[in-house]
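> Single-letter residue listing:
Protein chains: 2
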Amino acid sequence: MSATVDTLTVELGARSYPIVIGAGVLCDAALVGRCVRARDVLIVSNTTVAPLYLESLQSALRPRRTIATLLPDGESHKTLDTVARIVDVLVANRFGRDCAVLALGGGVVGDMAGFAAAIYQRGVSFVQAPTTLLAQVDSAVGGKTGVNHPGGKNLIGAFHQPAAVLADTATLSTLPPRELRAGLAEVLKYGLIHDGKFFDWIEGHAAALLAGEPSALAHIIRRSCEIKAAIVAQDEREHAERALLNLGHTFGHAIESAAGYGRWLHGEAVGAGMAMAARMSFESGWLGRTDLDRVLRLIEHLDLPTRVADLTPEALLQHMRIDKKVLEGRIRLVLLRAIGTAFVTAEYDEAPLRRTLDAHLG
Amino acid sequence: MSATVDTLTVELGARSYPIVIGAGVLCDAALVGRCVRARDVLIVSNTTVAPLYLESLQSALRPRRTIATLLPDGESHKTLDTVARIVDVLVANRFGRDCAVLALGGGVVGDMAGFAAAIYQRGVSFVQAPTTLLAQVDSAVGGKTGVNHPGGKNLIGAFHQPAAVLADTATLSTLPPRELRAGLAEVLKYGLIHDGKFFDWIEGHAAALLAGEPSALAHIIRRSCEIKAAIVAQDEREHAERALLNLGHTFGHAIESAAGYGRWLHGEAVGAGMAMAARMSFESGWLGRTDLDRVLRLIEHLDLPTRVADLTPEALLQHMRIDKKVLEGRIRLVLLRAIGTAFVTAEYDEAPLRRTLDAHLG
Chain A
2 MSATVDTLTV
12 ELGARSYPIV
22 IGAGVLCDAA
32 LVGRCVRARD
42 VLIVSNTTVA
52 PLYLESLQSA
62 LRPRRTIATL
72 LPDGESHKTL
82 DTVARIVDVL
92 VANRFGRDCA
102 VLALGGGVVG
112 DMAGFAAAIY
122 QRGVSFVQAP
132 TTLLAQVDSA
142 VGGKTGVNHP
152 GGKNLIGAFH
162 QPAAVLADTA
172 TLSTLPPREL
182 RAGLAEVLKY
192 GLIHDGKFFD
202 WIEGHAAALL
212 AGEPSALAHI
222 IRRSCEIKAA
232 IVAQDEREHA
242 ERALLNLGHT
252 FGHAIESAAG
262 YGRWLHGEAV
272 GAGMAMAARM
282 SFESGWLGRT
292 DLDRVLRLIE
302 HLDLPTRVAD
312 LTPEALLQHM
322 RIDKKVLEGR
332 IRLVLLRAIG
342 TAFVTAEYDE
352 APLRRTLDAH
362 LG
Chain B
2 MSATVDTLTV
12 ELGARSYPIV
22 IGAGVLCDAA
32 LVGRCVRARD
42 VLIVSNTTVA
52 PLYLESLQSA
62 LRPRRTIATL
72 LPDGESHKTL
82 DTVARIVDVL
92 VANRFGRDCA
102 VLALGGGVVG
112 DMAGFAAAIY
122 QRGVSFVQAP
132 TTLLAQVDSA
142 VGGKTGVNHP
152 GGKNLIGAFH
162 QPAAVLADTA
172 TLSTLPPREL
182 RAGLAEVLKY
192 GLIHDGKFFD
202 WIEGHAAALL
212 AGEPSALAHI
222 IRRSCEIKAA
232 IVAQDEREHA
242 ERALLNLGHT
252 FGHAIESAAG
262 YGRWLHGEAV
272 GAGMAMAARM
282 SFESGWLGRT
292 DLDRVLRLIE
302 HLDLPTRVAD
312 LTPEALLQHM
322 RIDKKVLEGR
332 IRLVLLRAIG
342 TAFVTAEYDE
352 APLRRTLDAH
362 LG
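So the sequence lines, in the order shown, correspond to chains A and B. Position 208 of the first sequence, counted from 1, bears residue number 209 in my numbering, the numbering being contiguous throughout. Position 294 of the second sequence, counted from 1, bears residue number 295 in my numbering, the numbering being contiguous throughout.
I should point out that these hints are in silico values taken from the structure, not numbers from a laboratory. Do not rely on the hints blindly, as some may be mistaken.
To be verified - Covered stretches of chain A, going by a simulated chain B footprint (3 or more residues, C-beta under 8 Å):
no., segment
1, 84 to 93
2, 142 to 150
3, 168 to 177
4, 315 to 325
5, 347 to 357
Unchecked claim - From chain A, some residues computed to sit far from chain B (all C-beta separations above 12 Å):
no., residue
6, Leu71
7, His78
8, Gly97
9, Arg98
10, Tyr262
Bear in mind the structure is a predicted one, so any value in this text is a computation, not a measurement. Every residue gets a Cβ at the ideal spot worked out from N, C-alpha and C, and that includes glycine.
Here chain A stands alone, though its shape is the one from the complex:
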């Protein structure tokens, strides 16, 4: 069924798992069968994605017993209440500890289905079938699951690694352009924190990526997953270098939370957040002017926002203070020394932060 299938492994000892990347992998019954061992499978999807891919996935899962539950689409529904509804479906269908939960959709579906799998019967098997670029390059890999709280993004959740990630690149052909761009923000992040050459490559192929050219997308998905898998294998629980993956996220989460969940796509907020992190790095004297300009130019070139019009510095700071990266009352930031080199610090001056907020807000 699928022409080329690429498999990476997230190395976590007994909990290692494959990331399978290719066009059509969700229709490949043999492959899906190897990745989903359970006899009872709850497919969690949403009202946008299910009409496109649910039926063929259910075919590929035969003869397993599959039940589907469809969530409303969008970040504003990523709540503990929605997860409770998923658990209700598991209980109502008498799914046992040996069942699996499969997430078919983007990051919101994956985060909630994964969290439901983490807490149902203290943890059941979980499989990710991401259908957005953002989920394929980032949120489906690494085991972070959870929901938002009115007070902050992802404040409730669990680490629960999937048993497999099935990234079907054919699903990107139906992805709205705005969602594609939001995914490119997270791709750009890997270049910024880990691989300057990858940043160069994205810079050189921005037009092909924005046009959804399959071979360009296949390249960035593979390279992004490679980088993420390596970082997660080193630091599963984010005690150290995994925190670098949060570049742009402290600003970004605060933007999403302050604006009200659902108004910004997560990737858009991360795009603006990375612009702010780069500016803050420059204003603090850590990043050169040329690098700052290249970062801002590429974010704009990818048609992602670098400014937030209707937000004051005070409102943003208030939302930043409840972020998970606050330690002993200090907001920790991921900043850049160069394109390809990031670091985490709580040791920065207030003046450059203020100049950064003034430059990108209001």
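Chain A is already provided as a structure; the job is to place chain B on it using the hints.
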């Protein structure tokens, strides 16, 4: 402050933690300080326990910042909604990832506070200060946290080990006799599954235990924690022998759930459940008549129920089928070969199960 303090260790590698047992340990500032490292501590308690012990615990925790949240007392409140309220308090007080949650109370408080700690910011530090016999000998040790679902006991939860267990035996002096008896059911369980000599000891000291004699209680708390710590160290996630700790629990959970949470104390339901497990073991030909009689006699002697008057076999079976120990549609039971030797099986006949239900229900 405390005359004798006994310390055991739950050996879990980097996540090993102490169980500190003694009269007055919660008032011992030096000891409490060693066990609670965080600067910000949320104390979760209930409206029954807090008036007795909260103030002295807060003194012992100085100069840490402590916030207390009091839950309504009882199993009927052990829900996801109540856990969400605990998380609200953490967010409202801007507690960071470096905070700790401390459970001051019985099993219900510990299960919910632990689950809140497990899911807040994907896991923060957790300390158990159990004030009931049941919590001191069982639920505070081993990292099982969670809440009930209308469809079944503890169907939602997480494994989240505490950083320390502070079992202050002085708190048992204020424990209602009914709660003391409920705790003795779990103590009896350790004898039945693991240590026939311990069963003999309980048999010989039942009167002292029911009278709340401190040295008798100290002995059973220590021995129960030793057995539980050893089993948890061997099988943290209940892939094998930890399941033996569920003796009486498949029947017991179904009794609690069918009767409506709060009508039976957990330990009472486990008492009746162990009577049924012993009967089922006898009816299946695995346990001798003498042992069955000794088990039933001791449960009765401890003033615990062995029968459930207002429940039909059909109603109980329906609730048993959603228990976490159901695998591939088969209800797995923990049964006895002798006093001190238990095993898990899904291979049993329906006739002895029916005779067991008929003997103990209706």
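> Decide, hint by hint, whether the structure agrees.
Checked hints:
1. Note: the segment 84 to 93 of chain A has 5 residues with beta-carbon separation from chain B under 8 Å; the three-residue rule is met and the coverage holds.
2. Counting residues of the segment 142 to 150 of chain A whose CB falls under 8 Å from any CB of chain B gives 3; the rule of at least 3 is met.
3. Chain B is given as covering the segment 168 to 177 of chain A, and this is violated because 0 residues of the stretch bring a CB closer than 8 Å to a CB of that chain, at least three being needed.
4. Against chain B, the segment 315 to 325 of chain A contributes 3 residues with a C-beta closer than 8 Å to a partner C-beta. That satisfies the three-residue criterion, and the hint holds.
5. Given as covered by chain B, the segment 347 to 357 of chain A fails the check, having 0 residues with a CB less than 8 Å from a CB of that chain where 3 are the minimum.
6. Remark: the non-interface label on A/Leu71 is consistent with the geometry, its nearest Cβ contact in chain B lying 21 Å away (cut-off 12 Å).
7. Every CB of chain B is more than 12 Å from the CB of A/His78 (nearest about 16 Å), matching its label as outside the interface.
8. For A/Gly97, the condition that its CB be more than 12 Å from all CB atoms of chain B is violated, with the nearest at approximately 5 Å.
9. Not every beta carbon of chain B lies more than 12 Å from that of A/Arg98, the smallest distance being close to 6 Å; the non-interface claim is violated.
10. The beta carbon of A/Tyr262 sits about 15 Å from the closest Cβ of chain B, which is more than 12 Å, so the claim that it is off the interface holds.
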